[in-house]
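Residue numbers (the numbering used here), protein chains in the order written: chain A, 14 to 451; chain B, 14 to 451.
Check each hint, because a few of them may be wrong.
Copies of the same chain look alike in the list, so a pair counts if it works inside one copy or between any two.
[To be verified] In silico DMTMM-like pairs for lysine to aspartate or glutamate, Cα to Cα no more than 25 angstroms straight-line:
#  : residue 1 : residue 2
1  : K42       : D79
2  : K42       : E389
3  : K70       : D57
4  : K42       : E74
5  : K70       : E420
6  : K70       : D59
7  : K42       : D168
8  : K42       : D342
9  : K191      : E74
10 : K70       : E53
11 : K191      : E346
12 : K70       : D404
13 : K280      : E379
14 : K42       : E379
15 : K191      : D404
No lab work stands behind these hints: they were computed from the structure.
Number of protein chains: 2
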Amino acid sequence: MQKLMPGYENVSPLGVMNFLSEVEFDYPKAISFASGRPTESFFDLDAWLGAIGVFQKHDAELHGYDTSASARRLAQYGRTGGLINAIVAAQVANDDGLTCTPEQIVITNGCQEAMALCLQTLCCHPGDVILARNPTYIGVTGAARLAGVELAPVDAAADGSLAGTLRRTVAALHARGKRVRGLYLIPEFDNPTGAVISVPDREAILVFCAERNIVILEDSTYGMFRFEGDARPALATLDTSGTVIYLGTYSKTLCPSVRVGSAIVPKTLFGDAAASREFLASMTERKSFLTVNTSQFNQALVGGVLLAEGCSLRRLVRPALEFYRRNRDALMERLAVTLGTSPAGIRWNHPQGGFFLSVELPFRFEACDMVRCASEYDVIVMPMSFFSLDDSQANRVRLAFSNLSVEQVGAGIERFAAYIHDRLAQETVYGSFTSSVN
Amino acid sequence: MQKLMPGYENVSPLGVMNFLSEVEFDYPKAISFASGRPTESFFDLDAWLGAIGVFQKHDAELHGYDTSASARRLAQYGRTGGLINAIVAAQVANDDGLTCTPEQIVITNGCQEAMALCLQTLCCHPGDVILARNPTYIGVTGAARLAGVELAPVDAAADGSLAGTLRRTVAALHARGKRVRGLYLIPEFDNPTGAVISVPDREAILVFCAERNIVILEDSTYGMFRFEGDARPALATLDTSGTVIYLGTYSKTLCPSVRVGSAIVPKTLFGDAAASREFLASMTERKSFLTVNTSQFNQALVGGVLLAEGCSLRRLVRPALEFYRRNRDALMERLAVTLGTSPAGIRWNHPQGGFFLSVELPFRFEACDMVRCASEYDVIVMPMSFFSLDDSQANRVRLAFSNLSVEQVGAGIERFAAYIHDRLAQETVYGSFTSSVN
Numbered sequence: 014m015q016k017l018m019p020g021y022e023n024v025s026p027l028g029v030m031n032f033l034s035e036v037e038f039d040y041p042k043a044i045s046f047a048s049g050r051p052t053e054s055f056f057d058l059d060a061w062l063g064a065i066g067v068f069q070k071h072d073a074e075l076h077g078y079d080t081s082a083s084a085r086r087l088a089q090y091g092r093t094g095g096l097i098n099a100i101v102a103a104q105v106a107n108d109d110g111l112t113c114t115p116e117q118i119v120i121t122n123g124c125q126e127a128m129a130l131c132l133q134t135l136c137c138h139p140g141d142v143i144l145a146r147n148p149t150y151i152g153v154t155g156a157a158r159l160a161g162v163e164l165a166p167v168d169a170a171a172d173g174s175l176a177g178t179l180r181r182t183v184a185a186l187h188a189r190g191k192r193v194r195g196l197y198l199i200p201e202f203d204n205p206t207g208a209v210i211s212v213p214d215r216e217a218i219l220v221f222c223a224e225r226n227i228v229i230l231e232d233s234t235y236g237m238f239r240f241e242g243d244a245r246p247a248l249a250t251l252d253t254s255g256t257v258i259y260l261g262t263y264s265k266t267l268c269p270s271v272r273v274g275s276a277i278v279p280k281t282l283f284g285d286a287a288a289s290r291e292f293l294a295s296m297t298e299r300k301s302f303l304t305v306n307t308s309q310f311n312q313a314l315v316g317g318v319l320l321a322e323g324c325s326l327r328r329l330v331r332p333a334l335e336f337y338r339r340n341r342d343a344l345m346e347r348l349a350v351t352l353g354t355s356p357a358g359i360r361w362n363h364p365q366g367g368f369f370l371s372v373e374l375p376f377r378f379e380a381c382d383m384v385r386c387a388s389e390y391d392v393i394v395m396p397m398s399f400f401s402l403d404d405s406q407a408n409r410v411r412l413a414f415s416n417l418s419v420e421q422v423g424a425g426i427e428r429f430a431a432y433i434h435d436r437l438a439q440e441t442v443y444g445s446f447t448s449s450v451n
Numbered sequence: 014m015q016k017l018m019p020g021y022e023n024v025s026p027l028g029v030m031n032f033l034s035e036v037e038f039d040y041p042k043a044i045s046f047a048s049g050r051p052t053e054s055f056f057d058l059d060a061w062l063g064a065i066g067v068f069q070k071h072d073a074e075l076h077g078y079d080t081s082a083s084a085r086r087l088a089q090y091g092r093t094g095g096l097i098n099a100i101v102a103a104q105v106a107n108d109d110g111l112t113c114t115p116e117q118i119v120i121t122n123g124c125q126e127a128m129a130l131c132l133q134t135l136c137c138h139p140g141d142v143i144l145a146r147n148p149t150y151i152g153v154t155g156a157a158r159l160a161g162v163e164l165a166p167v168d169a170a171a172d173g174s175l176a177g178t179l180r181r182t183v184a185a186l187h188a189r190g191k192r193v194r195g196l197y198l199i200p201e202f203d204n205p206t207g208a209v210i211s212v213p214d215r216e217a218i219l220v221f222c223a224e225r226n227i228v229i230l231e232d233s234t235y236g237m238f239r240f241e242g243d244a245r246p247a248l249a250t251l252d253t254s255g256t257v258i259y260l261g262t263y264s265k266t267l268c269p270s271v272r273v274g275s276a277i278v279p280k281t282l283f284g285d286a287a288a289s290r291e292f293l294a295s296m297t298e299r300k301s302f303l304t305v306n307t308s309q310f311n312q313a314l315v316g317g318v319l320l321a322e323g324c325s326l327r328r329l330v331r332p333a334l335e336f337y338r339r340n341r342d343a344l345m346e347r348l349a350v351t352l353g354t355s356p357a358g359i360r361w362n363h364p365q366g367g368f369f370l371s372v373e374l375p376f377r378f379e380a381c382d383m384v385r386c387a388s389e390y391d392v393i394v395m396p397m398s399f400f401s402l403d404d405s406q407a408n409r410v411r412l413a414f415s416n417l418s419v420e421q422v423g424a425g426i427e428r429f430a431a432y433i434h435d436r437l438a439q440e441t442v443y444g445s446f447t448s449s450v451n
């Protein structure tokens, strides 16, 4: 921790992801809204390890092996593209309404590897650019930097829509001689903001990207965790032009340690079947020289759980979904009580699902403020600037509510509100408050 | 398969690794010396999965958790650098005589990820070059190409030594304005040749690289599989100057599906402790944006097996070691009987361990010849040109003997010898034999 960001003053964007996993170690007494880890309350390690046997039995029957031959096959090197592709295809059909063949899927070491491989495969020329909604998931920022790919911000318009600003951003990049290759989005319950993209906005984004051969990388990580309202169709299910690569993970629905994710590539990329096959072949080759293949033990574990659940995760995630909903409710209630009557300039959204909520403050909140909050108020919140591709997010923070108890959520918000009230009182005294809200 | 290399005529170097895993599917009747997969005869999936419990118990005792807290911790995200570093440190101390601290180790998704991360971390400027003995492991060739890093060949001298040619190669690269950052070597039982680097050559290579700040990437994959003769000390154990990064894997000693490997970075890189810490931090950050962390299930499996074995793999690998030795013996015997009295120009080495043997032929052996061998003689051998960084290996083949029975080894060599005899007879008729050996 100290090595990567001494004193936290100069947080390198590349260091934030490590920071997220390690900041809690430095302030063990603080209640942390920092990391979007899934709750551990419903992890069932023994049952999941037992599911490897369920997959083995299925695999043996499918191929006419005896179970010991299936076990040996499982322990050996496997196909780079994956072992459980057909089962994953059935699950996304059931849970997300997405129809695909096993050959369209590459099974990866979590969603992060899927994303990194897609970025590298898409951007093979200097001047190739990927777009991302701003602020965005730090994992895509890091993967782009490591691949030497420019990540250009798309800011939401005042009404929250993206299609309009997308058009302007792409025009400006074209004028600079850039080739826009992809657009990274988390349409359902965005990390870090918790926002959802509306259906008309989804349709407009799809039409725009299809016309310009911009591949949409749709990250579905939080899609299973909707608390209320109707589910929006995934971009990939609206896609009739071969525009969307659908990225998935079992880190949140099962647990992070499985390290199993996937990329689902359209059958025809912008109508071109050969381009799609080439993309898959190139992506798979890249994977073979990074990680060879995704552990077949872990694939068998995921495959076995899915088989046992009838290739749907809806039933399995229900307790966690209720847990997250209760935390969201507690968060909304405490925010209203502690900050609802505060001066203008404090606002937050009402996430309909997922792990995150964002708060807008009437002052800048930076790494040093986070440290002060942690050390003096025993609460950790993340500056939104950590996730930003420019300077536009300095007044916002991200609250992750996925790995706390209801009591911790309540107490944590009390502490954060105390910090805000103290700071507002102080800044009013020193006269800086009015200048920073205007 | 067909997609990547239609007709096998134009085998792209990047396609060889996929090719290795998939060629057997295309010729199911052929005996294959193609892939260096470990034997499956001693895989013990149930026992290994059971070892996760051994690790859990150890982990709970170590940290004062109850076992259910330990299970939840295991299923969650973990530290990017790894969970079982102390156990791995104990194992390399016992088995390889290498002393290191847990902090020097990064646990990776197999040796391939360790290698890819090291290449990327070492080579951050245009003109940075990695050296490799020629021919070399296709995994390092692929990883270098994907990272945009030039991989320069170091050919062995007539007596098999490398230090002399290393000196000349580096001088030539410096003259071209290149910065040589690393040297990739498999000193024990090289893939693809089976060769071993002598102790004086190891010492000379170390002195040379230490003087020029060239990091040696020592791949120890086959080191545990010595059939005869005294073990040579690993370069990392001879290293007093902070020159060697030691790469390890459990894919061959346990099984490939664990996808657990490691990189051990010297405490001081060329005497500089800060440089070493920076290297580790940069490598770990890269890992966090590629694969987040290595699955803690798989780490726990490896950790549990190691704990149960007293942190040494010597006892566990003995049956496989005997298996490989018997195959090597059968291979040597059949080669002597079928090709020992053939005309000059057919030679092979006597591997003292590992998975591979190389044969030199009096004619070129290319991808099309491999296909002819497979389809007409029902035997698959790998052209050494697949592993070559230049045109120098056209007359050699690699025979992998790790995943065949003794009977298959014997029958396979009979078939390969029949191909060679037929081809020699044919080429003598057409007059091309004498021209191609001279």
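*Quick check: which numbered hints come out false for this structure?*
Result: hints 5, 7, 9, 11, 12 and 13 break, sorted rising.
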